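Peer 1: Chain by chain, the residues:
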Amino acid sequence: MSSGYLCLVLHAHLPYVRHPEHGDMMEERWLFEAITETYIPLIECYQKLVDDGVDFRITMSLTPPLMAMLTDSLLQERYLKHLDLLIELSEKEVDRTRWMPEYHDTALMYRERLTRARRLFRDEYQCNLVRAFRKFQDLGNLEIITCCATHGYLPLMELYRPAVRAQIELAASDYERHLGRRPRGIWLAECAFNPGDDKLLAEHGIRFFFTDAHGILHAHPRPRYGVFAPLFTPSGVAAFGRDLESSKQVWSAEEGYPGDFDYREFYRDIGFDLDLDYIRPYIHESGIRLNTGIKYHRITARGTNNKEPYNRRVALAKAEMHAGHFMWCRERQVEHLENLMDRPPILVSPYDAELFGHWWYEGPDFIHALLRKVTCDSRSLELITPSEYLAKHPKNQIAMPSMSSWGHKGYHEVWLEGNNDWIYRHLHKAAERMIELADRYPHTEGTRRRALNQAARELLLAQASDWAFIMKTGTTVPYAVKRTKDHCVRFTRLYHDISADAVDESWLAEVESRDNIFPQIDYRIYTSSR
Amino acid sequence: MERGQKACDLKKMSRDELYKLAQKFSIKGRSALTKEQLIEQLAPFVASDAPVNAPAETKNSEAVPSSEKSAANKRFSRKSNDADLAESLSQARRRHDKTTAAAGTEDGSTSVRKPVQPLMTGYEDSARPKQVISRPIPDTARPGEERLTGELPLGYGDTRIVLQVRDPHWAHTYWDVAERTRQQLRKAIGDDAYDRALFVLRVYDVTDITFDGLNAHSYYDIHIFEGANNWYLNLGRPNCAFLVDLGLITPAGEFILIARSNAIRTPRDTYSETVDDQWMVLDEEFREIYRASGGFNVGASSGELRQALSQRLTEQLSSGALSSLALSSAALSSESVTSPGLVRGGQQKGKDFWLVVNTELIVYGATEPDAQVTVQGRQVKLRPDGTFTLRFALPDGHQNIPVRAVNADGDMERTITPIVEKTTR
Numbered sequence: 001m002s003s004g005y006l007c008l009v010l011h012a013h014l015p016y017v018r019h020p021e022h023g024d025m026m027e028e029r030w031l032f033e034a035i036t037e038t039y040i041p042l043i044e045c046y047q048k049l050v051d052d053g054v055d056f057r058i059t060m061s062l063t064p065p066l067m068a069m070l071t072d073s074l075l076q077e078r079y080l081k082h083l084d085l086l087i088e089l090s091e092k093e094v095d096r097t098r099w100m101p102e103y104h105d106t107a108l109m110y111r112e113r114l115t116r117a118r119r120l121f122r123d124e125y126q127c128n129l130v131r132a133f134r135k136f137q138d139l140g141n142l143e144i145i146t147c148c149a150t151h152g153y154l155p156l157m158e159l160y161r162p163a164v165r166a167q168i169e170l171a172a173s174d175y176e177r178h179l180g181r182r183p184r185g186i187w188l189a190e191c192a193f194n195p196g197d198d199k200l201l202a203e204h205g206i207r208f209f210f211t212d213a214h215g216i217l218h219a220h221p222r223p224r225y226g227v228f229a230p231l232f233t234p235s236g237v238a239a240f241g242r243d244l245e246s247s248k249q250v251w252s253a254e255e256g257y258p259g260d261f262d263y264r265e266f267y268r269d270i271g272f273d274l275d276l277d278y279i280r281p282y283i284h285e286s287g288i289r290l291n292t293g294i295k296y297h298r299i300t301a302r303g304t305n306n307k308e309p310y311n312r313r314v315a316l317a318k319a320e321m322h323a324g325h326f327m328w329c330r331e332r333q334v335e336h337l338e339n340l341m342d343r344p345p346i347l348v349s350p351y352d353a354e355l356f357g358h359w360w361y362e363g364p365d366f367i368h369a370l371l372r373k374v375t376c377d378s379r380s381l382e383l384i385t386p387s388e389y390l391a392k393h394p395k396n397q398i399a400m401p402s403m404s405s406w407g408h409k410g411y412h413e414v415w416l417e418g419n420n421d422w423i424y425r426h427l428h429k430a431a432e433r434m435i436e437l438a439d440r441y442p443h444t445e446g447t448r449r450r451a452l453n454q455a456a457r458e459l460l461l462a463q464a465s466d467w468a469f470i471m472k473t474g475t476t477v478p479y480a481v482k483r484t485k486d487h488c489v490r491f492t493r494l495y496h497d498i499s500a501d502a503v504d505e506s507w508l509a510e511v512e513s514r515d516n517i518f519p520q521i522d523y524r525i526y527t528s529s530r
Numbered sequence: 001m002e003r004g005q006k007a008c009d010l011k012k013m014s015r016d017e018l019y020k021l022a023q024k025f026s027i028k029g030r031s032a033l034t035k036e037q038l039i040e041q042l043a044p045f046v047a048s049d050a051p052v053n054a055p056a057e058t059k060n061s062e063a064v065p066s067s068e069k070s071a072a073n074k075r076f077s078r079k080s081n082d083a084d085l086a087e088s089l090s091q092a093r094r095r096h097d098k099t100t101a102a103a104g105t106e107d108g109s110t111s112v113r114k115p116v117q118p119l120m121t122g123y124e125d126s127a128r129p130k131q132v133i134s135r136p137i138p139d140t141a142r143p144g145e146e147r148l149t150g151e152l153p154l155g156y157g158d159t160r161i162v163l164q165v166r167d168p169h170w171a172h173t174y175w176d177v178a179e180r181t182r183q184q185l186r187k188a189i190g191d192d193a194y195d196r197a198l199f200v201l202r203v204y205d206v207t208d209i210t211f212d213g214l215n216a217h218s219y220y221d222i223h224i225f226e227g228a229n230n231w232y233l234n235l236g237r238p239n240c241a242f243l244v245d246l247g248l249i250t251p252a253g254e255f256i257l258i259a260r261s262n263a264i265r266t267p268r269d270t271y272s273e274t275v276d277d278q279w280m281v282l283d284e285e286f287r288e289i290y291r292a293s294g295g296f297n298v299g300a301s302s303g304e305l306r307q308a309l310s311q312r313l314t315e316q317l318s319s320g321a322l323s324s325l326a327l328s329s330a331a332l333s334s335e336s337v338t339s340p341g342l343v344r345g346g347q348q349k350g351k352d353f354w355l356v357v358n359t360e361l362i363v364y365g366a367t368e369p370d371a372q373v374t375v376q377g378r379q380v381k382l383r384p385d386g387t388f389t390l391r392f393a394l395p396d397g398h399q400n401i402p403v404r405a406v407n408a409d410g411d412m413e414r415t416i417t418p419i420v421e422k423t424t425r
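Chains as they are written, first to last, in my numbering: chain U, 1 to 530; chain W, 1 to 425.
Misleading hints may appear alongside valid ones.
Here are the simulated DSBU-like pairs of lysine-lysine, each with C-alpha atoms no more than 30 Å apart in a straight line [as the list claims (entries may be wrong)]:
| # | chain 1 | residue 1 | chain 2 | residue 2 |
| --- | --- | --- | --- | --- |
| 1 | W | Lys381 | U | Lys92 |
| 2 | U | Lys307 | W | Lys422 |
| 3 | U | Lys92 | W | Lys422 |
| 4 | U | Lys81 | W | Lys381 |
Now the stretches of chain W that chain U is said to cover, found in silico as 3 or more residues with beta-carbon under 8 Å [stated by the list, open to error]:
| # | region |
| --- | --- |
| 5 | 15 to 21 |
| 6 | 145 to 152 |
| 7 | 216 to 222 |
| 8 | 284 to 292 |
| 9 | 382 to 394 |
Hints listed in this document are in silico derivations from the structure and should not be mistaken for laboratory results. Bear in mind the structure is a predicted one, so any value in this text is a computation, not a measurement. Just so it is clear, CB atoms sit at the ideal spot from N, CA and C, and this is done for glycine as well.
Starting from the given sequences, assemble the full structure and let the hints guide the process.
Peer 2: Here is the structure:
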């Protein structure tokens, strides 16, 4: 009998970025880098564990925009092209570093990993990584949960319930389309919970979600077990609270593992370091330098540009050590909680999936070591998914979690502040008009139906919380502003054209071909009286 | 831009000329409008490619797609059926066009917020030919970029106020007051009183009551200037309900309601006082659980690093940087390119002078396309024409570089050995 559970949750998400109209759109590289550095390494990690007979458990959200991109043939094709170029570069790098033994092994590593990535992506999964994740779900090791349809920030949509409902309903149906069954759980975008939204989850068969620690801690009435057991909301959906201690060990800029001096440094990339003539084919087509992902240095003291060479072997040993440390800390935590609880505590540790691999290059190796160690070595800790926990512990306290998010300061400030508050009047107006349209046209066919569906897509894409987040954090702001405006402008035009029964078909076709998320969408999800 | 210029053309016209134009467009109430108001009313009708004095021939080709224009006309003609909708639509249109036209005029400066980043005019980089559609061909023509993007209106011609929670202590409110509402107010209280009236936000504590306008637990007023359109409210009371009225206080001290917001409830900022008797636990024990859960450290955990992560993920991978800083050297020294080596010095001129020199060696050659070539014993891939190129980073020291080729039959070979000595002083 174990004395506590560890529930690892990786939230995999990227905003919907797909620009058929441009040949080399930098933002599409967000996806490409995440595939190479995070998604494929995680899939390799799961595969290795399965091959070794390690019966691990992990929970992952795959958001609808991410699944849409991973299954989009244009992006798959572009990724493959991107990967082929990288492999070509890694081959040249093997030659180039021949007389520099301190870098040569790392060059060989890149060539080997990239070649392997290509084999996995193209040959094993036919360019469709959703298939890979589904495989591990079907094996019972991975529980995939959904997320708001376009990562919409629900508490700031509060006034338009049908819009909130649409984010949930579409998420569930999209999950089913890709994964062959209904989702049991959801990761609310930015972990943002608004009391009452649980009812919508219940209506769509979703049995659990997550909140930040204070969502549970400030629940009403008081939660007997703190964040160490889920609550049932009055509508019967379970809410799991984030364990802050385990989060901090990974997230914290000072104490966190990713800052260790043996790990790979992000800020030295050959895309910037090497001669332009040599690197030109692998950077942006305009000649602007950017990260290629090939980096040879390890994290060295801040502020200096003279970084030490990266040593993969040493880094992997450190990742293993950190996994051991993480497990040890959880075991101590569980021991301490034993005195306070009359049931095994569950420690819920959610992270952005892209942390592992992209930000923290050795992150997937850390996950691998952790899953293996806890499964095989730990006497007091057991890996678990939320569904399994609820099956084992069906009786839980009933309380309504408090409004909260996992953003800075714990509420909505990141998404509602001076740089991004201007978007809400437009998002709200569009939501209001979408509901009006759905009510006005309960039955319709042909071009008008297409236009109504497209209007719904434009609204959904505009609602992605990523845009407000980017405006706040201050990088690539023009892109986020443009995306917000474009989707709102396209929505407004559709609204007017539909109202006047004057939809311009060629214009509609163009917009459909660009903003092509949710092919199965039915605009009537916005009907107000359901 | 063209629309802006036409708006300028309107500005150059006399009021009489504008009036005649308004007559042609059947603008209602035109005789009462000032010159500025006439310009505002006429702006949406001014086409980018038609002379202003020939409105009958107006054909909107660019900024306002023709279908949308005809839609607008239809709406005007339907007005009697659907007066409200048409009114709000035309309001929205007018505002929309106003913002588009604002570029070349001096009006449109009613926005209070700092203006949002100017819209990028597409992502075309100068190296690539722009997509130009010279002549629309009905079935193959694709709409140009300009028809898929645009500016957002300042408002939608509604009179409304919306209140949103930000955190246990703060809320955000935004509002919009339709021009016709302003005029009604002006009429109702008189020009003089209106001009001297104060715009206020009246914030009510409506915790656990059904608000009827009079029964709030308490309220306070915030004076705003007439042009403001949003505000952050320091409510200071977690777990309470609030509602806001936007109104006018007349010189006589009377409060006139313009719009009332939705009600919100701020979240709790500590644990609930209510204990469920089924799940009862000693107070100190609960405190310990609360502490172990990180309860005294709420919200201080992960925000910063997540932000940094996201920055890292998106950093440098932005066409925004590309099209706004376009290909100039500015791109290389801008903050968005925080990179090692080559560009770092750009930010600290004179303070931190530096120099990096690296050397590389290129070995290239050619042989029969079907031959086998090794360099220092390692196989080299030949191009289809039998050429090959290798590029080595060249550290200090001595390198023997035997290049050996063996023909396809394996019975002939050639070896050439460049020898390189590199030293750095």
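Peer 1: Hints broken by the structure, by number, lowest first?
Peer 2: Hints 5 and 7 not satisfied by this model.
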